[in-house]
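These protein sequence lines are chains A and B, in that order.
The first sequence: position 110 = 110 (this note's numbering), numbered continuously.
The second sequence: position 46 = 1046 (this note's numbering), numbered continuously.
Derived by calculation from the structure, the hints in this document are not laboratory data.
Predicted model, so just to flag it, every value in this text is computed and none were measured.
Check the hints yourself; a few may be wrong.
Straight line, CA to CA, 16 Å or less: simulated EDC-like cross-link-like pairs of lysine to aspartate or glutamate [claimed, not checked]: (1) B:Lys1083 to B:Asp1101; (2) B:Lys1078 to B:Asp1063; (3) B:Lys1042 to B:Glu1085; (4) B:Lys1078 to B:Asp1062; (5) B:Lys1042 to A:Glu88; (6) B:Lys1057 to A:Asp104; (7) B:Lys1042 to A:Asp104; (8) B:Lys1057 to B:Glu1044; (9) B:Lys1078 to B:Glu1018.
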Amino acid sequence: AQSVTQLGSHVSVSEGALVLLRCNYSSSVPPYLFWYVQYPNQGLQLLLKYTSAATLVKGINGFEAEFKKSETSFHLTKPSAHMSDAAEYFCAVSDWSGKSTFGDGTTLTVKP
Amino acid sequence: EPEVTQTPSHQVTQMGQEVILRCVPISNHLYFYWYRQILGQKVEFLVSFYNNEISEKSEIFDDQFSVERPDGSNFTLKIRSTKLEDSAMYFCASSYWTGADTQYFGPGTRLTVL
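Isolated chain A, as found in the complex:
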């Protein structure tokens, strides 16, 4: 069985500050890991994914994530937050079948 834990349901940062959203996963097989962003009243947009290639994955909008097998983590970072980054962020793990298991989500607030 696979699962995802996102630490911190709400994260607040100042504009220009580092964004760090935490995700830990549990999977019995090598995982495929994803980060999605959801803006209000919209669907899920893929930010980036890890598929067993490079452990440091770069995504859209300046986000990146590092896969650390020893820590079973896949934390999302962005060096400098923009107001437009305010949204809900979901970490997800997928198995070979494509079934994705999502974390509870983290709401990112960016203060001016």
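Fit chain B to the supplied structure of chain A, relying on the hints for placement.
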């Protein structure tokens, strides 16, 4: 850029009624999924579909739910007798392969059961 579309955007129904949620996946994709998100909660997998068959389904996907690909473009989710707890946002997604392949999500249908 191709995208997944869903209709309607919002559906209101009475408890016990049947609803059909419609999705048009990206045209060359082979795998199709339904997820739901109850307000304020996480996104939950319902079912995956490939080659006109259900590949996998969750415990949520009981006998009240069914999926169908009635033609070459649409992918539908039917709830036979809606319950209050079926109120949620329902997302359709599609991908070309499974596993590592990116799933493209539609904008969702908000289902409200009264």
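Status of the hints after comparison with the structure:
1. Our distance criterion of 16 Å between C-alpha atoms is broken by Lys1083 (chain B) and Asp1101 (chain B), whose separation comes to about 34 Å.
2. Using a Cα cut-off of 16 Å, the hinted pair Lys1078 (chain B) and Asp1063 (chain B) holds, with the two alpha carbons roughly 10 Å apart.
3. Restraint check for Lys1042 (chain B) and Glu1085 (chain B): satisfied, since their Cα atoms lie roughly 15 Å apart, inside the 16 Å limit.
4. About 11 Å separates the Cα atoms of Lys1078 (chain B) and Asp1062 (chain B), which keeps this hinted pair within 16 Å; it holds.
5. The straight-line distance between the Cα atoms of Lys1042 (chain B) and Glu88 (chain A) is roughly 11 Å, inside the 16 Å bound, and the hint therefore holds.
6. Of the supplied pair hints, the one linking Lys1057 (chain B) and Asp104 (chain A) is violated, its CA atoms being roughly 20 Å apart against a limit of 16 Å.
7. Only pairs whose Cα atoms come within 16 Å are accepted, and Lys1042 (chain B) paired with Asp104 (chain A) is accepted, the gap being roughly 5 Å.
8. Note on Lys1057 (chain B) and Glu1044 (chain B): the hinted pairing holds, with a Cα-Cα distance of about 11 Å set against a maximum of 16 Å.
9. Taking the CA atoms of Lys1078 (chain B) and Glu1018 (chain B), the gap is about 7 Å. The hint holds against a cut of 16 Å.
Taken one by one, the earlier hints fail for this structure at numbers 1, 6, listed in ascending order.
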